[in-house]
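Peer 1: Residues per chain, in single letters:
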Amino acid sequence: MRGLRTIVAAGLVALGSPAKAGDPIKVGALLAVTGPAAFLGAPEARTLEMLVEELNARGGVGGRPVRLIVKDTGGSPEKAISFARQLIEEEQVFAIIGPSTSGETMAVKAIAEEGKTLLLSASAAEVIVNPVAPHVFKVAPKDSFAAEVIFRRMKKMGITRIGFLSSNTGFGKAGKEQVEKLAPAYGIQVAVSEVYDKAATDLTAEVTKIKAANVQAILNWSTEPAQAIVLKNVRQMGLGVPVFQSHGFANVQYARAAGAAAEGVIFPAGRVVVADALPAGNPQKAVLEAYKRAYEARYKEDVSTFGGHAFDALMILVRAIELAGPDRAKARAAVENLRGFVGTGGVFNFSAADHNGLDIDAFELVTVKDGRFVPLGP
Amino acid sequence: MTLELFFQYLVAGLTYGSIYAVVAIGFNIIYNATGVINFAQGEFVMLGGMIAVSLHRFAPLPVAIAGAVAATAAVGALVELTCVRWLTRPSVLRLIVITIGVAILLREAALFAWGEGVRSLPYFTGDEVTALSFHGVSVSPQALWVLGTTALTVALLAFFFGHTMLGREMRACAANRDAAALCGIPTRNLVTLAFVLSAAIGALAGCVVSPITYTSYAIGGALAIKGFTVAILGGLGNGAGAVAAGLLLGMLESLSVSVLPTAYKDVVTLTILLAILFVRPSGLFGGREASRI
Numbered sequence: 001m002r003g004l005r006t007i008v009a010a011g012l013v014a015l016g017s018p019a020k021a022g023d024p025i026k027v028g029a030l031l032a033v034t035g036p037a038a039f040l041g042a043p044e045a046r047t048l049e050m051l052v053e054e055l056n057a058r059g060g061v062g063g064r065p066v067r068l069i070v071k072d073t074g075g076s077p078e079k080a081i082s083f084a085r086q087l088i089e090e091e092q093v094f095a096i097i098g099p100s101t102s103g104e105t106m107a108v109k110a111i112a113e114e115g116k117t118l119l120l121s122a123s124a125a126e127v128i129v130n131p132v133a134p135h136v137f138k139v140a141p142k143d144s145f146a147a148e149v150i151f152r153r154m155k156k157m158g159i160t161r162i163g164f165l166s167s168n169t170g171f172g173k174a175g176k177e178q179v180e181k182l183a184p185a186y187g188i189q190v191a192v193s194e195v196y197d198k199a200a201t202d203l204t205a206e207v208t209k210i211k212a213a214n215v216q217a218i219l220n221w222s223t224e225p226a227q228a229i230v231l232k233n234v235r236q237m238g239l240g241v242p243v244f245q246s247h248g249f250a251n252v253q254y255a256r257a258a259g260a261a262a263e264g265v266i267f268p269a270g271r272v273v274v275a276d277a278l279p280a281g282n283p284q285k286a287v288l289e290a291y292k293r294a295y296e297a298r299y300k301e302d303v304s305t306f307g308g309h310a311f312d313a314l315m316i317l318v319r320a321i322e323l324a325g326p327d328r329a330k331a332r333a334a335v336e337n338l339r340g341f342v343g344t345g346g347v348f349n350f351s352a353a354d355h356n357g358l359d360i361d362a363f364e365l366v367t368v369k370d371g372r373f374v375p376l377g378p
Numbered sequence: 001m002t003l004e005l006f007f008q009y010l011v012a013g014l015t016y017g018s019i020y021a022v023v024a025i026g027f028n029i030i031y032n033a034t035g036v037i038n039f040a041q042g043e044f045v046m047l048g049g050m051i052a053v054s055l056h057r058f059a060p061l062p063v064a065i066a067g068a069v070a071a072t073a074a075v076g077a078l079v080e081l082t083c084v085r086w087l088t089r090p091s092v093l094r095l096i097v098i099t100i101g102v103a104i105l106l107r108e109a110a111l112f113a114w115g116e117g118v119r120s121l122p123y124f125t126g127d128e129v130t131a132l133s134f135h136g137v138s139v140s141p142q143a144l145w146v147l148g149t150t151a152l153t154v155a156l157l158a159f160f161f162g163h164t165m166l167g168r169e170m171r172a173c174a175a176n177r178d179a180a181a182l183c184g185i186p187t188r189n190l191v192t193l194a195f196v197l198s199a200a201i202g203a204l205a206g207c208v209v210s211p212i213t214y215t216s217y218a219i220g221g222a223l224a225i226k227g228f229t230v231a232i233l234g235g236l237g238n239g240a241g242a243v244a245a246g247l248l249l250g251m252l253e254s255l256s257v258s259v260l261p262t263a264y265k266d267v268v269t270l271t272i273l274l275a276i277l278f279v280r281p282s283g284l285f286g287g288r289e290a291s292r293i
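Residue numbers (our numbering), protein chains in the order written: chain A, 1 to 378; chain B, 1 to 293.
There may be inaccurate statements among the hints.
Said to hold, decoys possible - Simulated restraints, written as ranges between beta carbons of each label pair:
{"hint": "1", "chain 1": "A", "residue 1": "Glu54", "chain 2": "B", "residue 2": "Arg188", "range": "50 to 60 Å"}
{"hint": "2", "chain 1": "B", "residue 1": "Pro122", "chain 2": "A", "residue 2": "Glu289", "range": "52 to 62 Å"}
{"hint": "3", "chain 1": "A", "residue 1": "Arg372", "chain 2": "B", "residue 2": "Leu144", "range": "47 to 57 Å"}
{"hint": "4", "chain 1": "B", "residue 1": "Ile96", "chain 2": "A", "residue 2": "Ala260", "range": "56 to 66 Å"}
{"hint": "5", "chain 1": "A", "residue 1": "Pro375", "chain 2": "B", "residue 2": "Leu144", "range": "52 to 62 Å"}
{"hint": "6", "chain 1": "B", "residue 1": "Val259", "chain 2": "A", "residue 2": "Pro184", "range": "50 to 60 Å"}
{"hint": "7", "chain 1": "A", "residue 1": "Glu91", "chain 2": "B", "residue 2": "Ile96", "range": "30 to 40 Å"}
{"hint": "8", "chain 1": "B", "residue 1": "Gly126", "chain 2": "A", "residue 2": "Ala213", "range": "25 to 35 Å"}
{"hint": "9", "chain 1": "A", "residue 1": "Ile69", "chain 2": "B", "residue 2": "Gly162", "range": "53 to 63 Å"}
{"hint": "10", "chain 1": "B", "residue 1": "Leu144", "chain 2": "A", "residue 2": "Pro184", "range": "35 to 45 Å"}
{"hint": "11", "chain 1": "B", "residue 1": "Val92", "chain 2": "A", "residue 2": "Pro184", "range": "56 to 66 Å"}
{"hint": "12", "chain 1": "B", "residue 1": "Leu144", "chain 2": "A", "residue 2": "Gln92", "range": "51 to 61 Å"}
To be verified - Covered stretches of chain A (in silico footprint by chain B; criterion: 3 or more residues with CB under 8 Å from a CB of chain B, positions within the stretch not fixed):
{"hint": "13", "segment": "24-37"}
{"hint": "14", "segment": "221-234"}
{"hint": "15", "segment": "253-266"}
{"hint": "16", "segment": "312-323"}
Keep in mind that the hints were calculated from the coordinates and are not lab data.
Even for Gly, the Cβ is constructed at its ideal location relative to N, Cα and C.
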């Protein structure tokens, strides 16, 4: 907890202004706290709640307290749209953190732009920041990087023929696009590509289809419990091929849910899930350990990369307000010019052309060993 | 497609089908007693799984399951006593709306009690990677547990409804409640019993499928839709019909995946379902009575 306080405090000291009671700065959050994407939104909401409490205990931002308004979208783009309007038009929030999922973010991208409200999305799809919309940023690394990290590894392992599964969500669709686009460049053939329902309860038939295609590896791209189900089905069928997952797997809950079937699965993830195992020289280590310790002490659950996205979004916003003052246009420009910001997801270097700010190094390949996440190493 | 693959698809369908069937049976009991579809049935399934997972932390698996079944049965009784019993001559529509309300209430209560996390019971036999293999066709032992539970439940129910006084009274109550009451059958108590039985069977289903499907506060809706479909397809009120229809639907889904992209799975199965219901409005194995829904 002390480590986290130091980081929050260090940011505040930089401003140097005396704490003066003022109107609160309203920060909206559109998060999938419940529903099928709850494992994204719930840790995000908890992280924000913890950080805002911490910030306000330290005197707020620039002497003004932060008022957090969390709207639970349940993972539904329709709800995200109406809540986004509500936050922008009625609450007139300074900025919005979220949404948690790519589908929702795409649904509100134009609304944030129209309302000239800074939006810091916690979701992955590349289309969120490509093409760039001036007010829309995202702190989760791009899915194309995730796909490339996976393909590099496959190439190294001599894998040329894979079976691919994805869910029928924004995340799954965006991943499918990237995987099918990037695979040929690495000499990898996607022999089977199946899209399953996000509420799928068993995927044995899909796995059978992959088995029939004689593949050397299986790659699954989803964020739902189905990603744990598919692991069980693969192993129950006696398929011994390596299984790769997307960065959506980075919640240790899923590794636990799949139990013995999760052993050896390979996936790209932000470093927050392997914070303890990082070498001492890693620039992110201090931030990661402070966040992990504070979160796990308070909520008695394992930290995930997704809560980390909320951490990054809020801290980037706080830094921007400190640098530029509580002015919407100036704060937006400050985010765009922010460089070398060390967050949980990586080191952010934003620019007018890059509203994600992370490079491919943001991902570390991780595997599951004895029910725990460990770095796979080179 | 090789023979081995064909059988692997069939076995996959068996797994799906057994899950649908075990959920579907619960629908039939309340329907048999009241003529109403209980839309909270999926939530009973969810509650069973969630309570069992919580109990299993400090109790062995059979005790946890028994406890979950008992607790969910109590919830079923509570639902009937508070929401249904005091209504005089409720219409079918009104009862259905009440069950939908109860479903939402139970779901939100579960979210409040357990949070949004995904849980599951351990596999009853072996673990996540255990499979029974026969000539290259593999099946998880848990699928057999689900099938066995389904078969046993249907057999016990058939005996109960066919050969016990209480069961016959329940059927009389469903056939004509006024006439049953005139014969001295305590119809109100029997409706309560139907909710208790239904909730208990739902809870048992929730426990036995949870290692395969996982369980979370929101899983009830999706399971109930498939279970409901299967109950209709098999003929409402017909337990053995539900099992046959469940396995049929599961295998259809699985075989459709073998030739078409998975995305079309529901299109294929729902088209077949509609076609069957056009020809036989009361389902594959149902009597004429069921068509009144």
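Peer 1: Hint by hint, work out which the structure violates, then give me just those numbers in ascending order.
Peer 2: 2, 3, 4, 5, 6 and 16
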